[in-house]
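Residue numbers (my numbering), protein chains in the order written: chain A, 8 to 298; chain B, 150 to 475; chain C, 169 to 413.
Fair warning: there could be bad hints in the mix.
Far from chain A by the CB rule (all over 10 Å, computed), these chain B residues [unchecked claim]:
1. Lys159
2. Leu214
3. Leu238
4. Ala243
5. Ser305
6. Ile439
7. Leu470
Quick list of in silico lysine-lysine cross-link-like pairs, BS3-like style, CA-CA up to 25 Å [claimed, not checked]:
8. Lys399/C x Lys368/C
9. Lys98/A x Lys368/C
10. Lys231/C x Lys462/B
11. Lys398/C x Lys267/B
12. Lys306/C x Lys368/C
13. Lys231/C x Lys356/C
14. Lys231/C x Lys98/A
15. Lys356/C x Lys368/C
16. Lys398/C x Lys368/C
17. Lys98/A x Lys267/B
18. Lys159/B x Lys462/B
Covered stretches of chain A, going by a simulated chain B footprint (3 or more residues, C-beta under 8 Å) [stated by the list, open to error]:
19. 15-23
20. 95-104
21. 197-204
No lab work stands behind these hints: they were computed from the structure.
Each residue gets a CB set at the ideal place from its N, CA and C atoms; glycine is no exception.
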Amino acid sequence: MSSETVVRVIVSGLLNGGVYALAAMGLTIQYGVARVLNLSHGEFIVVAAWLTWTFFTRLEINPLVSAAITAPFFLGIGFLIHRTVFTTLRKRAPSPAAFEGNSLLVAFGFLYVVQNIALLIWGGVPRAYYWLTGGVNILGVRFALNNVIALAVAVALGVAFFVFVNRSRLGKAIRAAVEDPATAGLMGININLVLPLVFGLGALMAGVAGVLLSMCYPISTFMGMNYTIIALVVVALGGLGSIPGGFIGGFILGIVGSIVGQLESTLTLSSFYALLMILLVARPKGLLGKS
Amino acid sequence: MDISKFTSRKFLSVAGFILAILAFLAIFPLYGSNSEVGVGVIILMYVILTVSWVMFSGSTGYMSLAVAGFFGIGQYVAAFLYPRDPGPLLPLPAVIIAGGLASFVFALVVGLVTLRLKGMYFAIFTFGFAVFLGSIMQYYELQIRGRRGINVFPISNQTAFYILIVVVVLTLLTAYLIRRSRLGLAMQSIGENEDAAAHMGVNTTMVKVMTFAISAFFMGVVGAIMAPKWQSVDYSSAFLLLYSFMPVLMAIFGGMRELYGPVIGAVIFAYTERTLRLQFPYYYMLAFGIALILIIIYLPGGLTGLVPTLKDKLGGVIARLRKGGQ
Amino acid sequence: MPILEGQDVTKYFGGLAAVSHVDFHVDQGEIVGLIGPNGAGKTTLFNLISAAFPISSGEMRFKGHKLNGLNPHQICKLGVSRTFQQTKIFTNMPVLQNVLVGAFFGTPTRVSAADAAREASQALEFVGLSAMSALPTKDLTLVNQKRTELARALATRPELLLLDELMAGLTPAEVSESMELVTRIRDKGITVFMVEHVMKAIMGICGRIMVLHHGEKIAEGTPQEIVANKKVIEIYLGEETRAGS
Numbered sequence: 008m009s010s011e012t013v014v015r016v017i018v019s020g021l022l023n024g025g026v027y028a029l030a031a032m033g034l035t036i037q038y039g040v041a042r043v044l045n046l047s048h049g050e051f052i053v054v055a056a057w058l059t060w061t062f063f064t065r066l067e068i069n070p071l072v073s074a075a076i077t078a079p080f081f082l083g084i085g086f087l088i089h090r091t092v093f094t095t096l097r098k099r100a101p102s103p104a105a106f107e108g109n110s111l112l113v114a115f116g117f118l119y120v121v122q123n124i125a126l127l128i129w130g131g132v133p134r135a136y137y138w139l140t141g142g143v144n145i146l147g148v149r150f151a152l153n154n155v156i157a158l159a160v161a162v163a164l165g166v167a168f169f170v171f172v173n174r175s176r177l178g179k180a181i182r183a184a185v186e187d188p189a190t191a192g193l194m195g196i197n198i199n200l201v202l203p204l205v206f207g208l209g210a211l212m213a214g215v216a217g218v219l220l221s222m223c224y225p226i227s228t229f230m231g232m233n234y235t236i237i238a239l240v241v242v243a244l245g246g247l248g249s250i251p252g253g254f255i256g257g258f259i260l261g262i263v264g265s266i267v268g269q270l271e272s273t274l275t276l277s278s279f280y281a282l283l284m285i286l287l288v289a290r291p292k293g294l295l296g297k298s
Numbered sequence: 150m151d152i153s154k155f156t157s158r159k160f161l162s163v164a165g166f167i168l169a170i171l172a173f174l175a176i177f178p179l180y181g182s183n184s185e186v187g188v189g190v191i192i193l194m195y196v197i198l199t200v201s202w203v204m205f206s207g208s209t210g211y212m213s214l215a216v217a218g219f220f221g222i223g224q225y226v227a228a229f230l231y232p233r234d235p236g237p238l239l240p241l242p243a244v245i246i247a248g249g250l251a252s253f254v255f256a257l258v259v260g261l262v263t264l265r266l267k268g269m270y271f272a273i274f275t276f277g278f279a280v281f282l283g284s285i286m287q288y289y290e291l292q293i294r295g296r297r298g299i300n301v302f303p304i305s306n307q308t309a310f311y312i313l314i315v316v317v318v319l320t321l322l323t324a325y326l327i328r329r330s331r332l333g334l335a336m337q338s339i340g341e342n343e344d345a346a347a348h349m350g351v352n353t354t355m356v357k358v359m360t361f362a363i364s365a366f367f368m369g370v371v372g373a374i375m376a377p378k379w380q381s382v383d384y385s386s387a388f389l390l391l392y393s394f395m396p397v398l399m400a401i402f403g404g405m406r407e408l409y410g411p412v413i414g415a416v417i418f419a420y421t422e423r424t425l426r427l428q429f430p431y432y433y434m435l436a437f438g439i440a441l442i443l444i445i446i447y448l449p450g451g452l453t454g455l456v457p458t459l460k461d462k463l464g465g466v467i468a469r470l471r472k473g474g475q
Numbered sequence: 169m170p171i172l173e174g175q176d177v178t179k180y181f182g183g184l185a186a187v188s189h190v191d192f193h194v195d196q197g198e199i200v201g202l203i204g205p206n207g208a209g210k211t212t213l214f215n216l217i218s219a220a221f222p223i224s225s226g227e228m229r230f231k232g233h234k235l236n237g238l239n240p241h242q243i244c245k246l247g248v249s250r251t252f253q254q255t256k257i258f259t260n261m262p263v264l265q266n267v268l269v270g271a272f273f274g275t276p277t278r279v280s281a282a283d284a285a286r287e288a289s290q291a292l293e294f295v296g297l298s299a300m301s302a303l304p305t306k307d308l309t310l311v312n313q314k315r316t317e318l319a320r321a322l323a324t325r326p327e328l329l330l331l332d333e334l335m336a337g338l339t340p341a342e343v344s345e346s347m348e349l350v351t352r353i354r355d356k357g358i359t360v361f362m363v364e365h366v367m368k369a370i371m372g373i374c375g376r377i378m379v380l381h382h383g384e385k386i387a388e389g390t391p392q393e394i395v396a397n398k399k400v401i402e403i404y405l406g407e408e409t410r411a412g413s
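Make the full structure from the sequences, and use the hints.
Pasting the structure below:
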């Protein structure tokens, strides 16, 4: 294997990994704090990707500006959805276990709803757009500029989020709510605001992941579930609720996928799933998860 | 044995009702048009998938999203053992049982890996299961076989219909017997409080795995019947998300407390799906998704969950009428 | 003759030792009390015995069988049963069905439906709930819910019964009734190991008491010895005593 191939595999692995990391961090906080295993996560990624495509091809707005519009939009949508649907569920559920089961099914319903809305608006045919496809040299290998920018944004956002959660007051509240939502509520943290906000943040991550994705790959309305599964595998890898686990796990999975993709590209998703299976047998609490 | 149980009015009227339905089903294919029988086949298919799903997820509370996976496995088993070219390798009944057994074995493996862990890992795993199988079969069909899809030796709508009636009866019978057995008691206790159940001697992992595998058996069986009826199988249509979504919707809508709940839910939604899909393709799916969300929030007990409430209200009205009449 | 014994039993949660190098034993036919301030590790010790979670280090044996590595259902079938600090009854099932679960699954050999039904109704009669067997447990008062849980545990035909705060939340009259019930359980031949905060019960029926504090066993003896024990007095009265002297 030539050194060029190695560099290509690693860098494209990191690029994919960046998107996976964002998606996974979003999913993990939605479960860790808001206690919703959001099976529709991937569909939000797809919608964000399509929105970016529409902005670029119809309105000539470049993706980075789209990201600035999409991010707060998704934050708002996520907040609203949790504040209305999931908060109602939480209040009506007879127990936390029942709430988790019900919210899982509701998220499943959202998967269906969002996917079909996307199908109605954009259809089922895959499409792509081209922006900043000019080349850039890294370690002697040529990469598209948009790929490099996507990686940079993903890493930047990931690090920024990590710092936010660990340093800011709101971040501390979020971490407290991850540890123990009930007690956090008793300590004066407004659960009715923090939980939907965190859910919205998760949706925001999905949104940015979708924008970055659209820059580098064609968009297909049916790829949502694939990304949900990838995010789920990363979250299971890194531990349900662990933000650093999601971040690092995303990059690991990106590289693994890139290596498998070199050998046989149609088996990437299957290899992730097989990895999940092995992990669940060997270390059910995840590599970095809390025990 | 206490004979009086079998001669009570309630038992006789329920038995009579069931026999009447069976008689209707038996005669239906002889008088209905082929497309009507085709709709009937789909309805029966969904009844089996939904009742099988409830067998496990209804009492344990572990939500399996893998119906499409086990359904697809049954289809592929039929495709391999009952192909159009060079012709069936085994007689149809053997193929059908093989489809069920294959799903049974897969479910044992999935169950043993995931049911020892928290419910969320189970949900995650079952969610990806059908997609995983689909992409494996995609690799197999496109890279190894070189072409998409496998042609299956055909059976007529009528044949499928009659076979499915038998399977529906067997599925319902199995579900009924399990509910009333100690296995059913164990599952209920797991659904109520898994920790306590384990401490009272219930081998929770084995109970969950066994029931999960039994429910998968029936999903595989119906898959093995649908493949010849559809005459072909391919990686994208065998494992459609639809087949995981619809049984959940139907079961929750119909209500899972009583066995007839899922049956009612399946009949209503299967019929609606068939009629709407041609006229409003993506809109009806959207409506179903919204329906699922609304039902879970506002009617978690489903349609049959309303029965006690209705009985109370109706009883109250009748009592008031009686009093008024005096 | 110890029916239950543990050596150097330790459990860590993260960096914190909830139970730290505890040696203990319960002899057949005893009623042993386990007391200590909140957070002392009492319920954790019970959870280790019943295998609700795994032990970090140390060894426990029931009738000579090593308990390490067993599952809760296996320990139940060996003959150890328990109740819980927060009752874990099957709320949507009627009382009788709750107890039937114990009767059907709690024994190592398979029981017939008739035997299980008989065992269950005997257990209900023993705790005095026969009249309520058809009621859904969620409609019961706390004391009756606790009785249901007790009957369910008894239906598993245990030789050792772990009672976790059976008396919590009960009125004085209910406490006396429960004390009598526990004594009758011992008289049936079942060894009892009980976590309790209600002193009247501990002093009244326990033959021996163990005291835990911060996960360590700090005292053990008859009720009279424990009441006079300086260390025990200190942890229950807190820093005031030391500050004063």
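Hint numbers not upheld by this structure, sorted from lowest to highest: Going through the list in order, the structure violates hints 2, 6, 9, 10, 11, 12, 14, 19, 21 and respects the others.
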